[in-house]
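Chemist: Taken in order, these protein sequences are the chains called A and B.
Per the numbering used here, the first sequence starts with residue 1, numbered consecutively.
Per the numbering used here, the second sequence starts with residue 430, numbered consecutively.
Keep in mind the hints are simulated off the structure, nothing from the lab.
All figures in this text were calculated on a predicted structure; none of them were measured in a lab.
Every residue, glycine too, gets a C-beta built ideally from N, C-alpha and C.
Some hints here could point you the wrong way.
Claimed, not checked - Pair ranges (Cβ atoms, derived):
no.	chain 1	residue 1	chain 2	residue 2	range
1	A	THR175	B	LEU577	45 to 55 Å
2	A	GLY364	B	GLU539	52 to 62 Å
3	B	LEU577	A	GLU409	58 to 68 Å
4	A	SER411	B	VAL542	51 to 61 Å
5	A	GLN414	B	ARG614	49 to 59 Å
6	B	LEU543	A	ARG198	13 to 23 Å
7	B	PHE595	A	GLU93	57 to 67 Å
8	B	GLU511	A	THR397	31 to 41 Å
As the list claims (entries may be wrong) - So these bits of chain B aren't anywhere near chain A, every CB distance computed over 12 Å:
no.	residue
9	ARG437
10	MET497
11	SER502
12	ASP504
13	GLU511
14	ASP512
15	TYR514
16	ALA536
17	GLU539
18	ILE556
19	ASP602
Unchecked claim - Just a few of them, taken from the derived set where beta-carbon distance is under 10 Å, the chain A residues facing chain B:
no.	residue
20	ASN266
21	ILE288
22	SER393
Here are the chains, one letter per residue:
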Amino acid sequence: MKRISCIAGLLLILVLAPSTAVAQRNQEVVIEHTTSAYVKTDILIKMFDVLSGGMPAVGTADVLEDVVIQDLEFSGLFRTGRSESQADSLQYEFTIEGTVEGPLRDAEQTGEDSPTTVSLNLLSWPERQLVLNKRYRPLPSQVRTTAHHFANQVIEWLTGESGICMTRVVFSRGTGDRRDLYAVDYDGEGLLRLTANRTLNLCPSWSPDGSEIVFTSYREGQQGLYSLETASGNVRQVIAQEGLNLGADWHPSGEELVLSLSRGDNPEIFRISPTGDIIKRLTVSKAIEISPSWAPSGRDLVFTSDRTGTPQLYIIDGDGAGRRRLTFEGRYNDSAMWSPRGDQIVYATRQGNTTQIVLMKTSGENRRVLTDGQWGNSEDPCWAPDGRHIVFSSDRTGVFKLYVYDVLEDSYRQLTFGDDPDITPAWSR
Amino acid sequence: MNRGWISRSTLLTLGLVLIVAFGLLMTGCGSKPDVETEPETEAEDQGQVEEIPPTIQGEETDTIEDTMPDYASMDPSEYGVEDVYFAFDQYDLDNEAMGILSRNARALREANVLVLVSGHCDERGTIEYNLALGEKRAKAVRDYLVSLGVPARNLRVTSYGESKPFARGHTEDAWAMNRRAHFERP
Chain A
1 MKRISCIAGL
11 LLILVLAPST
21 AVAQRNQEVV
31 IEHTTSAYVK
41 TDILIKMFDV
51 LSGGMPAVGT
61 ADVLEDVVIQ
71 DLEFSGLFRT
81 GRSESQADSL
91 QYEFTIEGTV
101 EGPLRDAEQT
111 GEDSPTTVSL
121 NLLSWPERQL
131 VLNKRYRPLP
141 SQVRTTAHHF
151 ANQVIEWLTG
161 ESGICMTRVV
171 FSRGTGDRRD
181 LYAVDYDGEG
191 LLRLTANRTL
201 NLCPSWSPDG
211 SEIVFTSYRE
221 GQQGLYSLET
231 ASGNVRQVIA
241 QEGLNLGADW
251 HPSGEELVLS
261 LSRGDNPEIF
271 RISPTGDIIK
281 RLTVSKAIEI
291 SPSWAPSGRD
301 LVFTSDRTGT
311 PQLYIIDGDG
321 AGRRRLTFEG
331 RYNDSAMWSP
341 RGDQIVYATR
351 QGNTTQIVLM
361 KTSGENRRVL
371 TDGQWGNSED
381 PCWAPDGRHI
391 VFSSDRTGVF
401 KLYVYDVLED
411 SYRQLTFGDD
421 PDITPAWSR
Chain B
430 MNRGWISRST
440 LLTLGLVLIV
450 AFGLLMTGCG
460 SKPDVETEPE
470 TEAEDQGQVE
480 EIPPTIQGEE
490 TDTIEDTMPD
500 YASMDPSEYG
510 VEDVYFAFDQ
520 YDLDNEAMGI
530 LSRNARALRE
540 ANVLVLVSGH
550 CDERGTIEYN
560 LALGEKRAKA
570 VRDYLVSLGV
580 PARNLRVTSY
590 GESKPFARGH
600 TEDAWAMNRR
610 AHFERP
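Looking at chain A on its own, in the form it has when it is part of the complex (with noise of 0.2 Å):
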C-alpha cells in the first residue's frame, strides 16, 4: 500500500510539474519570445477608447485600429483578432489597448488642425502585463503614420528586426516617353507624385537613409542619373555621360553608387560617388553589362552580362574580381536583386513570351519560380527591407500594375490601381 502510494505521489509530481513551471514564467513578463517565420503570434486588438473629442476623435480611433491590424497582418508574422470571443480559434499571447483624446474644444470649432492626444499600448495576454507604452500627439494628417509607427514598434519588440511599415515605394507611371516618378507608403495610401518633367523618368532607386532617390530621366534631352532630396523635392544631376546611365543601386553604406555607363562604347558596371566623379570601372567586355545590385555585406554584387550571347546574371566583387556565372537555366535573366537577408536573389526570367519572377539562392540552388501564365508578364522585382516581402510590376490585368508578395506565405496583394502603367519599383530601406 504504502509502495502504490509512493509511486502514485511520484507520478502526481511528475505530471504537476510541467503546468507549475509554465505557471511561473507567466508571472513575470515574457522576455524571451521567439517567434520564428512559420509561426504567427495570436494578437487581440480592442477597440480603442475614445476619452474626449467626439466624432472626429471616434474617427481617429477606427483608423489606428484598421491601420495597425492591417500592419501586423501584412508582416505576415500576426494573426489578428477583434474580440475575446475569438479566443477559441487564437491563442491570443499579448493585445494591443489604446486611448485616443480629441482636440481641444475651440480647434474644433476653429477649424484649425489640432493634434489628438493618443496612447497605445502592448500587453501579454491574458494577463495583462504593461510591454510597450507609446504616446503620440498626431495632427488629422499624421493618424496613419502614427499606426503605422506604433506596428513597428511590437514588430521589432516581438522579433528584434524593425517591421516595414514606414517604409515607401517609389516607381515610375506613365505611357510612351511621359512617364514620372510617384511614390505610395508600403500599404497602398498617400500616394504622391514626385516628378512634373513631361519626358520619361524610370529605374529609381533609394538611398540607405532615405533622403534621395537617384534615377535614370530623359529631362535634358539624353539619358543622365539624377538624384531628388525627397525632403525638398530639388532635383540635381549626377552623371550623364553620352549613352546609358542607367539602373543606378545605392552602396548599403550610403557613401556611392553602382550603374551601368556605355559612355559611347557599350554599357560596363561603373562605381561612382554621389556626386558622379568614377570609382572603379568593374567589367571591361564586348558585351552589355547592366542591372547591377550590391550584396547587403558590401562587398559583392551581382549583374547581367550577354557576353555569352544571351543575358545572363554574374557575381563579382567591388573590384571588380572573382567574377562568376549564376544562372544556368533560362536563355534570358536580367533584372536582378540581392536579398537584405544576404542569402537569396530575386531576378526576372524569360520563359516563352512571357517574363516571370525568379528566386534562388546565391549559391545558384533552389531556383523558384514564384509567377506563372496567368501572371501575364512579371518584372522588375525589389526587396522589402523585411528579405521576406517583393514588389514587382505585373500585367496580369491588361496593363502593368505593382503587387506585393509574401515570400513565405506565396501570397500577394496589389499595391497600385489605375489606367497607366507602373513599372520599375524601389523599396525604401
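Given chain A, put chain B in place with the hints provided.
Modeler: Just chain B, lined up with the frame of chain A:
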C-alpha cells in the same frame, strides 16, 4: 610810209588771225568728248537678235527661302529619311536595312543638320536590357551612316528601349513594328 617797219594795221590783222586760229584749235579740242563712239557697236548688232531663254513652269513668288528647305525645322521623314527594322533580339542590319540607310545617307548629307537616332525594342524582355539593346540598334545605324559619309557630329544616338512603342498590341505584327531605329529632330 616808213620803209623798215611792219605797219600797225598788219600787226593787228596778224594778231587777230593768230587768236582766231588758236581759238578754233581750242574749240576743236574741247568738242572731242561729244563725239559718239557707240554708233560703231550698234552698227555691228544690226544683223543678230539675242535669244531670250524660255521661262520654266512654276508659281511666281518673291520669297528667297523657298529655294532652300529649312532642314533644321523639319522631321527627317519629310526629307526622305526612313526608319529601319530589326529581327527579334538582334541589332545587326540586314540587306533591306542597309538599302534604306544608303538612301538615308544621301538625304542626311544634303540636309547637313543634327538628327537624333533612337533605338527601340518590342515589349518582351526587361526594361533595362531593352534600353541597352535599343542603344545597340541606334549605334549600328549611326556607325553605318558614318561609313557612308554622313558626318558623325550630325548624328546623336539614344535609346528608349520598350518604353516608347510605335504600335500598341501584343501581336507579332505590333512587335515587329516596334523593333526599329527611328530618326527625329533632337
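Chemist: Enumerate the violated hints, using their earlier numbering and listing them in ascending order.
Modeler: 1, 5 and 18
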